[in-house]
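Turn these sequences into a full structure, and let the hints guide you.
Protein chains in written order, with this note's numbering: chain Z, 1 to 253; chain V, 1 to 43.
Hints in this document: simulated from the structure, not taken from any laboratory.
Beta carbons: idealized from backbone N, C-alpha and C, even for Gly.
Hints may be right or wrong, so weigh each one.
Stated by the list, open to error - Ranges between beta-carbon positions, derived for each pair:
1. Z:Arg22 x V:Gly3: 31 to 39 Å
2. V:Pro36 x Z:Phe58: 26 to 34 Å
3. V:Leu32 x Z:Ile33: 31 to 39 Å
4. Z:Leu171 x V:Leu40: 42 to 50 Å
5. V:Val12 x Z:Thr216: 15 to 23 Å
6. V:Thr6 x Z:Ser57: 12 to 20 Å
7. V:Trp8 x Z:Arg22: 31 to 39 Å
8. V:Leu20 x Z:Met222: 15 to 23 Å
9. V:Leu20 x Z:Leu224: 16 to 24 Å
10. Z:Leu98 x V:Ser2: 28 to 36 Å
11. V:Thr6 x Z:Phe124: 20 to 28 Å
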Amino acid sequence: MRYHHASVFQASPSPVSRYFSRPDFVSGIRDMIPPLIGIFPFGLVCGVSAQAAGLSSFEALGMAMLVFSGAAQILATQLIAAQAPVVVIVLTCFVVGLRFLMYSAAIAPHLRPLPARWRHVLAFVLTDQAFAAAIRRFRTASHPGEGASYFLGTGAVLWCAWLVSNLAGYLAGNVIPAAWSLEFVVPLCFLALLVPALEDRPMLVAALAAGIAVVTLDALPMRLSLICSGLIGIVAGLVAARVLRPAGHAGEP
Amino acid sequence: MSGTLTLWVVIVAVGLSNYLSRLSFIALFARLEMPPLMVLALR
Chain Z
1 MRYHHASVFQ ASPSPVSRYF SRPDFVSGIR DMIPPLIGIF PFGLVCGVSA
51 QAAGLSSFEA LGMAMLVFSG AAQILATQLI AAQAPVVVIV LTCFVVGLRF
101 LMYSAAIAPH LRPLPARWRH VLAFVLTDQA FAAAIRRFRT ASHPGEGASY
151 FLGTGAVLWC AWLVSNLAGY LAGNVIPAAW SLEFVVPLCF LALLVPALED
201 RPMLVAALAA GIAVVTLDAL PMRLSLICSG LIGIVAGLVA ARVLRPAGHA
251 GEP
Chain V
1 MSGTLTLWVV IVAVGLSNYL SRLSFIALFA RLEMPPLMVL ALR
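Pasting the structure below:
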């Protein structure tokens, strides 16, 4: 991953602040405001789930702050309510979060030039929506700091909105009828972020294969369909890249 | 172990497990070069 370093970054004093770009950070915040329409209802559902499981408001907020993952939080609260052993809860949430391994691998080359402290902070805010937005920004960035600052902006606004929505859901409790199925807004907003990233035919093939697989494998336990369909999409994308590769590019992977 | 303490153990452990999943390859490929096939697969 090579970048042409802009002079604005080189003039900054410390290794950490050298990579911070305020305009990109603000741009990340601004771009994440529309997807909050989908995040907020999901946070409300998580707050309701925490309240139903008997957590205090402090515990519910602590879970939202530290876990920062809707699927893991809902599962954890359901298992807490069922008085499942700690090991079972942690392992179940780990399996549900396996998709983060794919996100982590995909974004790793872009974060490589950054100081370790940047990488550690950005790893914490690596969510579905932040990944989909940041990966596109990294591809067009001329300096790693641009993409990193943008990523930090998306993550910061998502994290803040996540805490507010969880707390609101906890306090609102059962005011929100379950029949509204508000959590369905989340995949819709994620799709709106993801579709513009499909820039060529192999990516489209990968997305289609993964989409078909996730519906087909929906019966698998612990949402294993997510990681399985992700792997199927990767293989399909690789095959498509080889089959659809234009003549004269035989030497490239 | 009291109920409240057990709950906080769960919250911290789930949070840590999620964070380590997110950090895993970011930390690994900060030290190692990613294989070209993997770069192509994950682009």
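Here is what the structure says about each hint:
| no. | hint | result |
| --- | --- | --- |
| 1 | Z:Arg22 x V:Gly3: 31 to 39 Å | 45 Å, violated |
| 2 | V:Pro36 x Z:Phe58: 26 to 34 Å | 48 Å, violated |
| 3 | V:Leu32 x Z:Ile33: 31 to 39 Å | 37 Å, holds |
| 4 | Z:Leu171 x V:Leu40: 42 to 50 Å | 48 Å, holds |
| 5 | V:Val12 x Z:Thr216: 15 to 23 Å | 36 Å, violated |
| 6 | V:Thr6 x Z:Ser57: 12 to 20 Å | 18 Å, holds |
| 7 | V:Trp8 x Z:Arg22: 31 to 39 Å | 36 Å, holds |
| 8 | V:Leu20 x Z:Met222: 15 to 23 Å | 18 Å, holds |
| 9 | V:Leu20 x Z:Leu224: 16 to 24 Å | 19 Å, holds |
| 10 | Z:Leu98 x V:Ser2: 28 to 36 Å | 32 Å, holds |
| 11 | V:Thr6 x Z:Phe124: 20 to 28 Å | 24 Å, holds |
In summary, the structure is inconsistent with hints 1, 2 and 5 from the numbered list given earlier, while agreeing with the others.
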